[in-house]
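Take the sequences, apply the hints, and build the full model.
Just so you know, the protein sequences line up as chains A and B, in that order.
Under the working numbering, the first residue of the first sequence is numbered 1, with each subsequent residue one higher.
Under the working numbering, the first residue of the second sequence is numbered 1, with each subsequent residue one higher.
I should point out that these hints are in silico values taken from the structure, not numbers from a laboratory.
Quick caveat, the model's predicted, so the values are computed rather than measured.
Any given hint might turn out to be false.
As the list claims (entries may be wrong) - Each pair of labels, with its calculated beta carbon distance range:
1) Asp-238(A) - Phe-85(B): 28 to 34 Å
2) Asp-109(A) - Lys-176(B): 20 to 26 Å
3) Ser-17(A) - Asp-272(B): 37 to 43 Å
4) Asn-365(A) - Thr-275(B): 36 to 42 Å
5) Glu-258(A) - Gln-131(B): 54 to 60 Å
What the hints assert, rightly or not - Keeping only pairs whose Cα atoms sit at most 30 Å apart, straight-line, the calculated DSS-like set for lysine-lysine is:
6) Lys-290(B) - Lys-78(A)
7) Lys-78(A) - Lys-68(A)
8) Lys-290(B) - Lys-99(A)
Claimed, not checked - Beyond 12 Å from chain B on every Cβ pair, some chain A residues (computed):
9) Asp-45
10) Pro-123
11) Thr-183
12) Ser-235
13) Asn-309
Glycine included, every Cβ here is placed at the ideal spot set by N, Cα and C.
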Amino acid sequence: MFRWGLITVLSIGVIGSVIWGYQEHQDKNAILIQAENSYQRAFHDLTYRIDLLSDKISTVLATNTPEKLSPQLAEIWKITSDAHADVGQLPLTLLPFNKTEEFLTNIGDFSYRVAIRRLEEDPLNDDEIDYLNRLHEQANDIRRELRTVQNNVINDGLRWMDVELALATNEPSDNTIIDGLKTIEKNTEQFTETDRQGGFSFTTAREDREINLTGKQYDEGEIEQFVRDRFELESEVDLAINETGEGSDIPMYHISFETDDLYGYADVTKQGANMISYLLTREIGDRELGLHDGMNEATQLLNEIGYENVEPISSAQYEQVGVYQYVFVDDDNIYFHPDLIQVKVALDNGEIIGLNARDYIINQNTRETETYETSLTEEEAIERVNPNLDIQETRLAVIESDLGEEILTYELIGTMNDQTYRIYINSEDGFEERVELLRQTEELFR
Amino acid sequence: MKEQTVNYKFIKLLFACLMIIGISLSGSDIESYGFSEQVIQHGATGDDVIELQARLQYIGFYNGKIDGVFGWGTYWAVRNFQYEFGLEVDGLVGQKTKDTLTRASNYNEQYVKEQIRSGNKFTHYGGQDLQQQTDNQNRNQTQQGGGQQGQQQNQRAEQEATQNQSPETTATNVPKGFSQNDIQLLAQAVYSEARGEPYEGQVAVAAVILNRLDSPTFPDSIAGIIYEPLAFTAVADGQFYLTPDDTSRRAVMDAINGWDPSGGAIYYFNPDTATSSWIWSRPQIKRIGKHIFCN
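As C-alpha cells, this is what we get:
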C-alpha cells in the first residue's frame, strides 16, 4: 500500500517536472526566435536599403534639372540614415564594421550638403559628379556582398544569434555572415582611403587641424608638484599619476588623489602644464549661497588663474551645485562661443569643485586669424529673422559653423509664443546660420 | 506698431498702479513674505524663485507655470518688470528689484505651497478669487483606485516626501536638452557598468556614451547607443535594470555638463575580461580604474 502510494507520488512528480521542463524549453525557444527575428528584420531591411541607395545614386547621376535633384538627394540622405539605424540594431559592435558605417554617413553628409545648396546657381561640378560615380560603384559593391550574405542566410538558414555568440565569446570563427561583413569592411576601407587622397574628406576643419600648445615639456615630478600646489595638498597625500597613450589628441597626465573628505582628479597637459579639467568630489552640505554668489566665486577664481577676458553665458543650479559656462570675450566685445570654460561651484561654502577649460585652452592656442569682417549692421541682421520673433538681446559672437569653420555672427535672442529662440545671422552675408529653441526647464514627473 | 506697444505698456503700468492701490486698501489681513538675501538669477531654483514667479504673476508679468525654476520665461518677466518700474534692466533680482516687487505685488505663500504640494495646476493672478485659479482635477483625486485609506496614506507619504525635499520645485533645469529620463537611462548604464570604479571612471563611462552621440559610426540617440546589441555587457545581462545610486547620477550630470575624463574616447574595455582581440587594436587614450579608454 505504502509502496504504491510512493510510486504514485513520485510518478506525478516526474511527469510534473517533465511538463514544466518542456514548457520552460518552449518559452526559451519563443524568446530566442523573437530575438532572432528582430535581428533578421534589421538585416534584411539593411540589404533592401543599400539596394535602394545604389539605385537612387544612379538616378541622381542621370538627372539633369536642379529642381529634381534636391528632393532626390534628400531621399538619399534619409535612406542612409535609415540604413544606419538598421546597422545599430545588429550585434556588430565588436566587429570592425565602422568604415562601412562611416561610408553611409559620408554619403548622407554629401547629399545633405548638396541638397540644401542653391543648385540652380551652383550645380554639381565635375569633381562632385566624379565623386558620386565612385560612391555609386562602392554602394554597388556593398550591395552585391550584402545580397550574397543574404542569400546564404536564407538558403542555409544562418542565424544572427550565432553571430552574436561568436562575437561575444570571440571564438575563431568561420561564420559566413561575419566573413561576408568583413569583406565589405575591407573593401570600404580601401575605398575611403583612396577617397581621402582624392581630396574628398568629410572630417570638418575642426577635426583636421593640429593642436598647438606652447610652453616647455613637464615631467611627472613637476606635474605632481604643480597639482599639489594647485590644490594645496599635504605631502602625505598620495597622488596616482598616469600618462595618456597614443589615442589622446593632446599628451596629458591624469592625476587622482584622495584625502580624508575629498576625492579628486585632474588632467594636465605635458606641454605647458595647462589644467585641462578637474573635479573634486565631496559631501556637499546645505545650501548657504545663492547661484549668483557662486558665480562671483567662479569669476574670481577664473581671474586669479589667468582667464581674465571671460564672461558668463549661462548658469544653472542643480540642488546644492551651481554650474556656469564662460566664454572668451575679446576687446571688441565679441563673444567666442568655441572658447568655452565650465565651472562647478559647491553652494555650501562657495568652493570651486570643478573646472573644464579644454576648449578654451585648445582654441586660444590654436586659433590663427582673429580678424573678422562685418558688412551687415545690427539692424540689417534683425531684418533677416522671422518678423514674428520679438528680438530682445543682440551681440556679436563667433560660432563654429556646420562645416567646422569659425564665423562671426550676430547672436539674436528673441521670443515668440512664450518660447525663447537664439538665432545666429552671419555678419558678412546675412545667412541664417542656426536657429535654436532654448529649452531650459522640464516638469518633474512624479 | 510702435503705438501699440506704448499702449500695452501703459495698460500694464496702470494695472500695476491699481494693484498697489488695491493692496493698500485691502489692508494687512493677507500675510506678506520676504525673499531671502540672495540675488536671484537665471538658472536658480528654489523657494525664492517660487515667490518671484508668484509675485510676477500676481501683477501680470509672468504667465508661465509657477514651478520654482528661473527659466527664460521668468527672465523676460523680470526684465519687463524692471523696465516698467524704471529699474536697471539686467534680469538679476537684487535687493532693489525685490523691494519694488514686494511693494507692487502680493504673495499668498500658503496657497501657492499648498497647490504645489498637492500637484494642482494653478495660477496666482491678483484680483481674482484664488479658489477659481486651481484646477480641481488634481492627481490625488483622480487616482481613486486604492480605496479611501490607501489614498490617505499615499497622500501623507507624498506630503512627507515633498516636505523633506526642500525646496519644493515642480520642475528642474535641463542640461543641454537632455530630459530627466535620458539622464536616468545614462545613470543606469553608468551604475551597472562602472559602479565599483573611481568617480572619474564613472564620469568617463557617461562621457563615452555622449561622445558616441557625435560619432558617425554610432546611433544618434541615448537609447539607440545603450541598447545597441553587444555594446554594453551590463545591458545584455540585465544588470542595467538595477536602481542607480546618487553617485552615478552625479557622474552623469558632470558628463552632460561637459567634463570628459576619458579624453574623447568612444570605446572602453576591461583588460582582464575583454575577449575581443579587435578592441585591443584601438589607439588607447588612458586607463582609469579597471577600464582602458580608447578611440
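The hints, checked one at a time:
1. In this structure the hint that Asp-238(A) and Phe-85(B) lie 28 to 34 Å apart at CB is violated, the actual value being about 58 Å.
2. A hinted range of 20 to 26 Å holds for the C-beta pair Asp-109(A) and Lys-176(B), which are about 23 Å apart.
3. For the pair Ser-17(A) and Asp-272(B), the supplied restraint of 37 to 43 Å holds, since their beta-carbon distance comes to about 39 Å.
4. At about 41 Å, the beta-carbon gap between Asn-365(A) and Thr-275(B) stays in the expected band of 36 to 42 Å.
5. Glu-258(A) and Gln-131(B) have their C-beta atoms about 57 Å apart, which keeps the hinted 54 to 60 Å range intact.
6. Straight-line distance between C-alpha atoms of Lys-290(B) and Lys-78(A) comes to about 40 Å, which puts the hinted pair past the 30 Å bound.
7. Taking the CA atoms of Lys-78(A) and Lys-68(A), the gap is near 16 Å; set against the 30 Å cutoff, the hint holds.
8. Restraint check: the Cα-Cα separation between Lys-290(B) and Lys-99(A) comes to about 28 Å, which is no more than 30 Å; the hinted pair holds.
9. The claim that Asp-45(A) lies off the interface holds: its Cβ sits roughly 15 Å from the closest Cβ of chain B, which is beyond the 12 Å cut-off.
10. Against the 12 Å criterion, Pro-123(A) stays outside the reach of chain B, whose nearest CB is about 27 Å from its own CB.
11. Look at Thr-183(A): its CB is around 16 Å from the nearest CB on chain B, clear of 12 Å, so calling it non-interface holds up.
12. Remark: the non-interface label on Ser-235(A) is consistent with the geometry, its nearest Cβ contact in chain B lying 22 Å away (cut-off 12 Å).
13. Listed as outside the interface, Asn-309(A) is consistent with that label: its C-beta sits roughly 20 Å from the nearest C-beta of chain B, beyond the 12 Å cut-off.
The earlier numbered hints that this structure contradicts are 1 and 6.
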